[in-house]
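Quick note, the sequences are listed as chains A and B, same order.
Using my numbering, you'd call the opening residue of the first sequence number -16 and step up by one each time.
Using my numbering, you'd call the opening residue of the second sequence number -16 and step up by one each time.
If you are wondering where the hints come from, they were derived from the structure by calculation, not from laboratory data.
Since we're looking at a predicted model, the values are computed, not measured.
Every clue listed holds true.
Subject to a maximum C-alpha distance of 25 Å in a straight line, what follows is the list of computed SDA-like cross-link-like pairs (lysine to any residue): (1) K8/B with R139/B; (2) K121/B with T21/A; (3) K121/A with F105/B; (4) K121/B with N22/A; (5) K121/B with L95/A; (6) K8/A with A74/B; (7) K121/B with D28/A; (8) K121/A with S26/B; (9) K121/A with E102/B; (10) K8/B with A70/A; (11) K8/A with P63/A; (12) K121/A with R99/B; (13) K121/A with T21/B; (14) K188/A with R61/A; (15) K121/A with P27/B; (16) K121/A with N18/B; (17) K121/B with S26/A; (18) K121/B with R99/A; (19) K8/A with A70/B; (20) K121/B with G106/A; (21) K121/A with V97/B; (22) K8/A with R75/B; (23) K121/A with D31/B; (24) K121/B with D31/A; (25) K121/A with A132/A; (26) K121/B with V181/B; (27) K8/B with K188/B; (28) K121/A with G106/A; (29) K188/A with N160/A; (30) K121/B with Y29/A; (31) K188/A with P66/A; (32) K188/A with G138/A.
Listed below are the residues making up each chain.
There are 2 protein chains.
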Amino acid sequence: MTAIRLHSYFRSSTSVRVRVALELKGLAYDYIAWNLRTNEQCSPDYLDINPQGLVPAIEIDGQVLTQSLPIIEYLDERFPGSPLLPAESMARARVRSLAAMVASDLHPLNNLRVLRYLEAQFGADMAAQTLWFRHWAKATLDPLEMLLAHSTQTGRFCHGDEPSMADICLFAQLLNNRRFDIDNAAWPTLARIHAACVADPAFVKAMPEQQIDAA
Amino acid sequence: MTAIRLHSYFRSSTSVRVRVALELKGLAYDYIAWNLRTNEQCSPDYLDINPQGLVPAIEIDGQVLTQSLPIIEYLDERFPGSPLLPAESMARARVRSLAAMVASDLHPLNNLRVLRYLEAQFGADMAAQTLWFRHWAKATLDPLEMLLAHSTQTGRFCHGDEPSMADICLFAQLLNNRRFDIDNAAWPTLARIHAACVADPAFVKAMPEQQIDAA
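Just chain A, same shape as in the assembly:
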């Protein structure tokens, strides 16, 4: 039995991703909460674990792994049941690319530390932050909708009928959108896939409101 410790914050989108992966794999884990609102992730105790001061991190076999997608790739290599990537290389590239659209082009621009820095550098108030968040959400979710709606490889989920790393990223992002009152109905394929995720207990267990540190 492998002992896994997850360093997490209930509302962190990247933490949601790793929680979904752990749940889909059926892996038990200890949950260690760090409160981003009070900057616990910048405490010396946490910086010893991850000098970047970002959640999530996992500890597995005494090693620390950081960065949500590399963690998910690791879990998928180490625990191959319920695969989170397809077997064939071109299909893997498609799933990784859909995941990266959210993970590299959308979420990094809209997370808490960036919104705070917009306030610090430009005096961005909540209205300006909302404008920023919605701009970058739309910039990625519009083409993502188009790509998914037009591909015969899209099924009940982003790639076929089983959840993958792409669904994990999409799910976490659409949850995040709730905080800025974004109506996901603008992207019917994304909304349909999100509904398929919400129908899966593994995704539900990973939601912010299900965590022990939920406010």
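Based on these hints, arrange chain B on the given structure of chain A.
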């Protein structure tokens, strides 16, 4: 012989990444330039290739792949010579995590479309853009320096003595830093690894100034 077409912009950091990977793999490719300064990446011709309107994209066997790291993962699976990831899963996770620090936490905040949008939404002039760029460069490169300097797994390159996906991302980022007059000497290990990259003809061939569309 596989025909590969690369859609690129000479100065695009993510395009540099894919060019280095192609050169390290010894793969020949056709170079198709799209001028980001004149928004050619938003032309209908390019949106037909990549609806996201971002470079790079590659065409291989008639299929389009987008997103630099998924493209590199694909090339590494398809052409296993000169591997860009180690063989062992925990080592792969380390390399992917180092790469993701740059690719998910640094570069997305500092690319051209974001700097332009800071100007559009907040009136950020060049001085404010430089402050922003340097803030996010430091936020990732400080802990990256610490992680690399303190790990026995770091060698001539980020992981051992052969270049990997982590070096590719680091190299492209430090090239990018030049545009904002950032002195990479603040990060001695990163500067040392960058020098090892610059000593490798594959990295040199991928540099912006070597491309046919260099200004």
